[in-house]
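Protein chains in written order, with the working numbering: chain A, 1 to 308; chain B, 1001 to 1308.
Quick caveat, the hints were computed from the structure, so don't treat them as lab data.
Here the structure is a predicted model, which means the values were calculated and not measured.
Don't take each hint at face value.
Said to hold, decoys possible - Listed below are several chain A residues computed to face chain B (Cβ distance under 7 Å; list not exhaustive):
hint, residue
1, Asp180
2, Thr183
3, Tyr184
4, Asn224
5, Val243
6, Arg244
7, Ile245
8, Tyr247
9, Met254
Unchecked claim - Okay, the calculated beta carbon distance ranges per label pair:
hint, chain 1, residue 1, chain 2, residue 2, range
10, B, Phe1234, A, Ser130, 45 to 55 Å
11, B, Phe1234, A, Ala186, 23 to 33 Å
12, A, Ala271, B, Ala1186, 34 to 44 Å
Built from N, CA and C at the ideal position, the CB exists for glycine as well.
Protein chains: 2
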Amino acid sequence: MQALTTPADGGTRVRPAAVAEPEPRPDQAVVEVRAVSVNRGDLSLLGMLPPGSRLGFDVAGTVVHSAADGSGPPPGTRVAGVAERDGWSERVALSTTRLAPIPDGVEWTDAAALPVAGLTALYAMRHAGSLLGRRVLVTGASGGVGRIAVQLARAAGAEVAAWAGSAERTKGLAELGAADVSTYDAGPEATQPVHVLVDSVGGEVLRDAFQLVEPRGVVVCYGNTTRADLSLPFDWGHARPGVRIRYLHLFDEMPRRPVGNDLAMLLRLVADGALDPHVTLVGDWADPEPTLRGVGDRQVNGKAVLVL
Amino acid sequence: MQALTTPADGGTRVRPAAVAEPEPRPDQAVVEVRAVSVNRGDLSLLGMLPPGSRLGFDVAGTVVHSAADGSGPPPGTRVAGVAERDGWSERVALSTTRLAPIPDGVEWTDAAALPVAGLTALYAMRHAGSLLGRRVLVTGASGGVGRIAVQLARAAGAEVAAWAGSAERTKGLAELGAADVSTYDAGPEATQPVHVLVDSVGGEVLRDAFQLVEPRGVVVCYGNTTRADLSLPFDWGHARPGVRIRYLHLFDEMPRRPVGNDLAMLLRLVADGALDPHVTLVGDWADPEPTLRGVGDRQVNGKAVLVL
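Construct the entire structure; sequences and hints are all you get.
Structure (structure tokens):
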């Protein structure tokens, strides 16, 4: 079978190559892949892995072999799941604890876009605690995780403020449920204080956003796209006693989380029309480079997916 | 009766002045004060309060009137407790939920030194979670809270590293249970990685200490004596997924904590010889200025107490 593998130069010229068929563990189902999604985390691996390395975490497809231990859905079931960095393949073995059936009416592309971005946003909400009636600020709100975080915070009863890098990138955020929509250059003055801040930008944006966090507030960071130092004013804590800051990394969270059940819940929200993964770029799996470049250059205002 | 009040110039010339006798609420006992302690937080209030303001949180003395609601100990009981910024007085009304009996054999000075510093250190440990067999780094380890934190972490089964500002200030820390003792200028290289960091220094010391924090580690900050911005390297979170940073402020914690019971436990540790509040300066309540200056100038390697 074919799988996408990394090029010799560490760049985005990822190409299909012949690889061995998956050899599932007893707790894994084999899935015929129909769509995969591209996360920024995938791109950051390109330069770090040796040439010929497999890639890909987000997968949607059809079960062709059930897990030998009897867990998980039967053959023919449409599923989405989290692969072990080998998901950009024609077939892949997925742990049955990290997949969920795709409800009728949910497209392959939306299902493939959901696992990593949706679970990251969901676990950010879990760390933030009860959001009912609370104000939540999402920075990087135009990104794949950001747009889902806006919708999940709203669904959890929060009043949501959304910040993005430009007026162009804020498009659609109000429709997703953000009550306040601002660009970074508007600064903290444009937004009311919040109990929760969900940040993936870091640097000056995080410093500005942090000013709005109330005492006993919660800051969940899941990225640092500016790659700037964390810098907060000297009274960061004294001015907001009890404030908590946590760095969330999905692959650190998953071993302690009911990933399959959580993914099933997110897929139901999509089926119900309550969550839109906002797929804005759909590319060809056999020629992935334009899609990878689009994600790398931040030309994608939402999620990018490759279809087989 | 007399109470210490703030001077007109906002400085340390705190003096006894005539004030009204305490008017206890039904849940308050009236205590004849024998010793009080001086915290850095008291000093930072000096410049912020109007002239003639009352001061003081840490109190040890004898109950002279029990609480009207029947709670708390009978008259004649020796107690230590947390006052409502009016504790540097001949008599004070203390909430019975924020005081504890002093066990036989514990001196007034040690009891008075314990409430604010001991509870701050204890709640830092509570946020850090299970410490059994884990490594804990305490910065500002020579201070009043720091020395107690070293002892409590050790008592909780941790292996403790202690950092202080100079070789002079590290004195006694090994005897309190610190396995590693370093000065700030030794840098992070001198210390092994830790699961928990308890910091009150901020700035470069916090930045250096943070380098040692492992994935899923916990950082509890309860002060920022350098008054520097919080500054951490760009990969602060990515290099240690799941890391948590919390700012602990005792007066934010207390409403949610069993303060009296916690203080009773700390006093028992002192009675058992398992905790030494390390009182190194004992001054005269009627002439508090030298003691306040000593704390303000960091001349006190431990706790400072005033006796009546």
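Chain B contact restraint on Tyr184 (chain A) - CB to CB distance below 7 Å: Violated, because the Cβ-Cβ distance from Tyr184 (chain A) to chain B comes to roughly 18 Å (cut-off 7 Å).
Hint check: is the beta carbon of Thr183 (chain A) less than 7 Å from a beta carbon of chain B? Interface hint status for Thr183 (chain A): violated (23 Å vs cutoff 7 Å).
Falls inside 45 to 55 Å, the C-beta gap from Phe1234 (chain B) to Ser130 (chain A)? This hint is violated: roughly 31 Å between Cβ atoms.
Is it true that Phe1234 (chain B) and Ala186 (chain A) lie within 23 to 33 Å of each other by Cβ? holds (24 Å)
Holds or violated: the 34 to 44 Å window for the beta-carbon distance between Ala271 (chain A) and Ala1186 (chain B)? violated (58 Å)
Should the interface hint for Arg244 (chain A) be scored as holding, given a Cβ-Cβ cut-off of 7 Å against chain B? The hint holds - Arg244 (chain A) has a Cβ within 7 Å of chain B, the shortest such distance being about 5 Å.
Identify whether the interface hint at Asp180 (chain A) stands, where standing means a beta carbon of chain B within less than 7 Å of its own. violated (26 Å)
Let me know if the C-beta of Tyr247 (chain A) comes in closer than 7 Å to any C-beta of chain B, holds or violated. holds (3 Å)
Any CB of chain B closer than 7 Å to the CB of Asn224 (chain A)? holds (6 Å)
Hint Met254 (chain A) vs chain B: min CB-CB distance below 7 Å? violated (11 Å)
Quick check on the hint: Val243 (chain A) CB to chain B CB, less than 7 Å? holds (5 Å)
Given Ile245 (chain A) as an interface hint, is its Cβ closer than 7 Å to any Cβ of chain B? holds (4 Å)
In the structure shown, a violation is registered for the earlier hints numbered 1, 2, 3, 9, 10, 12, in ascending order.
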